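Undergrad: The lines below spell out each chain.
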Amino acid sequence: MNHLLFSFFACLTGIAALGVILSRNTVNAAMCLLLCLGGVAGLFVRLDAFLLAFLLLLVYAGAVIALFLFIIMLLDVRGQQRPSPRGLKQTAGLIAGAVLLAAVVGFIARLESQGGTAGSAPVGASLKLYADQLFTVYLLPVQVIGFLLLIAMLGAIALSRRTPPAA
Amino acid sequence: MITASLNAYLILSAVLFAIGFLGVLIRRNTLVIYMCLELMLVAATLALVAFSHYNRTIDGDVFVFFILTVAAAEVAVGLAIIVALFRQRQTIEVDQHDALKN
Chain A
0 MNHLLFSFFA CLTGIAALGV ILSRNTVNAA MCLLLCLGGV AGLFVRLDAF LLAFLLLLVY
60 AGAVIALFLF IIMLLDVRGQ QRPSPRGLKQ TAGLIAGAVL LAAVVGFIAR LESQGGTAGS
120 APVGASLKLY ADQLFTVYLL PVQVIGFLLL IAMLGAIALS RRTPPAA
Chain B
0 MITASLNAYL ILSAVLFAIG FLGVLIRRNT LVIYMCLELM LVAATLALVA FSHYNRTIDG
60 DVFVFFILTV AAAEVAVGLA IIVALFRQRQ TIEVDQHDAL KN
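In order, the protein sequence lines correspond to chains A and B. Quick note on numbering: numbering that gives the first Met the number 0 labels position 153 of the first sequence as 152, and the sequence is numbered without any gaps. Quick note on numbering: numbering that gives the first Met the number 0 labels position 16 of the second sequence as 15, and the sequence is numbered without any gaps.
Careful, some of the hints might be misleading.
Per the computed footprint, the stretches of chain A lying under chain B, defined by three or more beta-carbons under 8 Å from a beta-carbon of chain B, are [what the hints assert, rightly or not]:
{"#": "1", "region": "10-22"}
{"#": "2", "region": "25-39"}
{"#": "3", "region": "49-62"}
{"#": "4", "region": "93-102"}
A few chain A residues that face chain B, going by a derived Cβ cut-off under 7 Å, partial list only [as the list claims (entries may be wrong)]:
{"#": "5", "residue": "PHE43"}
{"#": "6", "residue": "SER125"}
{"#": "7", "residue": "LEU128"}
{"#": "8", "residue": "ALA130"}
{"#": "9", "residue": "THR135"}
{"#": "10", "residue": "TYR137"}
{"#": "11", "residue": "GLY154"}
The hints are simulated quantities; they were obtained by calculation from the structure and are not laboratory data. The structure displayed is predicted, hence computed values, not measured ones. For each residue, glycine too, the CB sits at the ideal point set by N, CA and C.
The task is simple: from the sequences and hints, build the whole structure.
TA: This is the structure:
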């Protein structure tokens, strides 16, 4: 049952990810990304990271995908993509992707043959433990991240002004 | 307790990352390239959560929390840049953004 769930979510994630890069229509790509994120959230639940699964759905599916869809509608560039020529660039991209995948999978397979990973015992990443870590060990990163969000907000506002300031 | 091994998660993460990488290289629509960047980030978070689970620590999970925040900020600024570029050039194809060429 457990393995079945993993296989289901893994297949869902992989196929949806392929859909992102293969679909012509940008809206379809965004929807495939949404599906892919749903699959990853399911995998997070299987890894006992319930809070992260919830956050992933909230932040990515709720905010980021919605933002993408808004921008797609705002720019209104659907169907303008010409069929890409099977040129040097595509071939290079395919080869580079395949090499990357082979390298990483080969590395992981070698780890397994050396008898690496031990069995698991889930540590339920409880909310209390999480908050405790965030407010003690990771207090400074939390502050920095908050500041980063402020800067990003200011940057987005500055970028989206109609007349750019004469810098 | 029988679970899918850590390697399965890592291989899935590698596959997701490779797909995202491939998408960045072969697509020319800026928005799709951006989605592929997000795909690569999610692949990295999946690997982190899997490591964190199988090593019985919480550090990886906390790090994923930060990655999510940075990704949200990145999307906001990046999409603002894409909109600004579209206003300037009336296109979002990367091939057309060649103002610095030559």
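Undergrad: Are there hints from earlier that the structure breaks, and if so, what are their numbers?
TA: 6, 8 and 9
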